[in-house]
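Participant: The chain contents come next:
2 protein chains.
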Amino acid sequence: MQTIPSKQEIEQAHERIRDFIHRTPILTSSSINNIFGTTLFFKCENMQRVGAFKMRGASNVVLSLKDEEISKGIATHSSGNHAAAVSLAARLRNTNAYIVMPRTAPKIKQNAVRGYGAEVILCEPTLQSREETLKKVVEEKGAYFIHPYNDARIVAGQATAAKEIFEEINDLDFIIAPVGGGGLASGTALSALYFSSTTKVIGAEPKGADDAFRSIRDNKIYPSVNPKTIADGLLTQLGELTFNIIKKHVSEIITVEEDSIIKAMRMIWERMKIIVEPSAAVTLAVILENKEKFANKKVGLILSGGNVDLDKLPW
Amino acid sequence: MQTIPSKQEIEQAHERIRDFIHRTPILTSSSINNIFGTTLFFKCENMQRVGAFKMRGASNVVLSLKDEEISKGIATHSSGNHAAAVSLAARLRNTNAYIVMPRTAPKIKQNAVRGYGAEVILCEPTLQSREETLKKVVEEKGAYFIHPYNDARIVAGQATAAKEIFEEINDLDFIIAPVGGGGLASGTALSALYFSSTTKVIGAEPKGADDAFRSIRDNKIYPSVNPKTIADGLLTQLGELTFNIIKKHVSEIITVEEDSIIKAMRMIWERMKIIVEPSAAVTLAVILENKEKFANKKVGLILSGGNVDLDKLPW
Numbered sequence: 032m033q034t035i036p037s038k039q040e041i042e043q044a045h046e047r048i049r050d051f052i053h054r055t056p057i058l059t060s061s062s063i064n065n066i067f068g069t070t071l072f073f074k075c076e077n078m079q080r081v082g083a084f085k086m087r088g089a090s091n092v093v094l095s096l097k098d099e100e101i102s103k104g105i106a107t108h109s110s111g112n113h114a115a116a117v118s119l120a121a122r123l124r125n126t127n128a129y130i131v132m133p134r135t136a137p138k139i140k141q142n143a144v145r146g147y148g149a150e151v152i153l154c155e156p157t158l159q160s161r162e163e164t165l166k167k168v169v170e171e172k173g174a175y176f177i178h179p180y181n182d183a184r185i186v187a188g189q190a191t192a193a194k195e196i197f198e199e200i201n202d203l204d205f206i207i208a209p210v211g212g213g214g215l216a217s218g219t220a221l222s223a224l225y226f227s228s229t230t231k232v233i234g235a236e237p238k239g240a241d242d243a244f245r246s247i248r249d250n251k252i253y254p255s256v257n258p259k260t261i262a263d264g265l266l267t268q269l270g271e272l273t274f275n276i277i278k279k280h281v282s283e284i285i286t287v288e289e290d291s292i293i294k295a296m297r298m299i300w301e302r303m304k305i306i307v308e309p310s311a312a313v314t315l316a317v318i319l320e321n322k323e324k325f326a327n328k329k330v331g332l333i334l335s336g337g338n339v340d341l342d343k344l345p346w
Numbered sequence: 032m033q034t035i036p037s038k039q040e041i042e043q044a045h046e047r048i049r050d051f052i053h054r055t056p057i058l059t060s061s062s063i064n065n066i067f068g069t070t071l072f073f074k075c076e077n078m079q080r081v082g083a084f085k086m087r088g089a090s091n092v093v094l095s096l097k098d099e100e101i102s103k104g105i106a107t108h109s110s111g112n113h114a115a116a117v118s119l120a121a122r123l124r125n126t127n128a129y130i131v132m133p134r135t136a137p138k139i140k141q142n143a144v145r146g147y148g149a150e151v152i153l154c155e156p157t158l159q160s161r162e163e164t165l166k167k168v169v170e171e172k173g174a175y176f177i178h179p180y181n182d183a184r185i186v187a188g189q190a191t192a193a194k195e196i197f198e199e200i201n202d203l204d205f206i207i208a209p210v211g212g213g214g215l216a217s218g219t220a221l222s223a224l225y226f227s228s229t230t231k232v233i234g235a236e237p238k239g240a241d242d243a244f245r246s247i248r249d250n251k252i253y254p255s256v257n258p259k260t261i262a263d264g265l266l267t268q269l270g271e272l273t274f275n276i277i278k279k280h281v282s283e284i285i286t287v288e289e290d291s292i293i294k295a296m297r298m299i300w301e302r303m304k305i306i307v308e309p310s311a312a313v314t315l316a317v318i319l320e321n322k323e324k325f326a327n328k329k330v331g332l333i334l335s336g337g338n339v340d341l342d343k344l345p346w
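The listed protein sequences correspond, in order, to chains Y and H.
Here our numbering is used: the first residue of the first sequence is 32, the next is one more, and so on.
Here our numbering is used: the first residue of the second sequence is 32, the next is one more, and so on.
One chain only, chain Y, in its complex shape:
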């Protein structure tokens, strides 16, 4: 089993990646604060490189590898932001990236990954095909596999987003992060533990993909079976490492309705003039459905990403 990243490992990760990521802005919106009677701080990872926090973890892994470990390239399977992040991170080390994507992934996403210089290898849209295809690519190319979340170095990298919040904003009562595979949520929990121990950590999850909620409740990792949500970044199940961190250091996981996600997303677009993807809006949906819990509190929200197809908006 992997060990949980230490405070020092998160600090080292931050040093390592600092020059290769954006220190994203933390925005506030007085009109949204007025609506909810609370004070919200939005960490804009939608403005991160590749448009998502995933760049933090991917660059932390890639920058910590030895030359000989990555001389034959790096590989992953992902149809989303992790794919783009690994592709861009590979360029930081002048090596190749091999991305296994389901053949059903939108052309626009395939092309985005190719745009970052990666080679896309298509597979069938099943977990089995993904894993088998990846295994083949790793064997044939000799590439180094970077798991999207169940990796201590990934968690340490994702933790730097919350670390930056705590460096700028004191005395947060809560910090809310979306939960998919749990890399961001567990990194956020560790940063709270190490850098702002009075801040409670909340995981935000769509009701239609509530495997993490059930996993923590029943103390066993459930697979994510036929998840139904617009939040396409939150479809995956927890890994062993992220499960253990979340179980111990996240106060609670709150699930939200699809309607709330869309309403929260539109509220962010209209009031803050920034573009976030549904998975990011899940954090504000938690506030929207639990107004009393957060009244007169100081709350940090991690807007995890901003990659949406502008031709297919949910309104």
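What the hints contain is simulated information worked out from the structure, not anything from laboratory work.
Errors might be hidden in some of the hints.
[To be verified] For lysine-lysine, the following PhoX-like pairs were computed, each having C-alpha atoms within a straight-line distance of at most 20 Å:
1. H:K294 - Y:K343
2. H:K38 - H:K167
3. H:K329 - H:K231
4. H:K294 - H:K231
5. H:K343 - Y:K294
6. H:K343 - Y:K343
Given the coordinates of chain Y, assemble chain H onto it according to the supplied hints.
Facilitator: Showing chain H alone in chain Y's frame:
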């Protein structure tokens, strides 16, 4: 004729409004810089209060008036961002706002203005009806009329957006502002003159509403007759004051195609993850159509606003 605002008047305006406006962020995008081989600095007035730079000028006027001048309220005619700005500025002084709007203005805009606490008075969608209705409102209510742009105090207020850019970014080769009635463009020109005299000022205008371009070329103010552009903030003609400032202090006005405006707008949404209205995207459209002119230059662009109907996007 009104006098052109002095350096001191712009500095005083900035002091006056500082606590009532946002100091908006200046963003950069390495991917857009790479596309054009240039270095662009985007001043995000889309994130200004009411979602547009108009709050600067309106608050400068309202905050500089004596109690007895505004005790009976303030009034203007506008279907857009100036209406919202005047409404919010009235609240800063606890007075009423009366906004004359064409009855054809979208309900969503009428409601936004009412949401800021203003009384909306509908008129026919003609300039004549607007002016007559406004005159009646001013007479009946005793309200103070605030012109949307042809007013030295408005110009001084709008000038503070560019002033903030020059405070943070040195040695800009160009600064680009959209031209509608000319309040922002002339304010930008004056701030360049006073605070960054080596920076050339460019006005950006849609080809389908090129009255300012023709006015400067022929040295007479043309009315804006049947303008056809998606940039709905740039439909108005210059005023005498803004014409005189632009004639003297703007290097050139560059007109752009509708296609370029939409392409630039989408590029800003996709690459920068921020929401700008078409009128703001006109600035990047100038770069898009004149790549060589701006190659290897440092260019400031004023993203004037972010108020778009998310149900009616141009793609």
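Participant: Any hints this thing doesn't respect? Which numbers, in order?
Facilitator: 2 and 4
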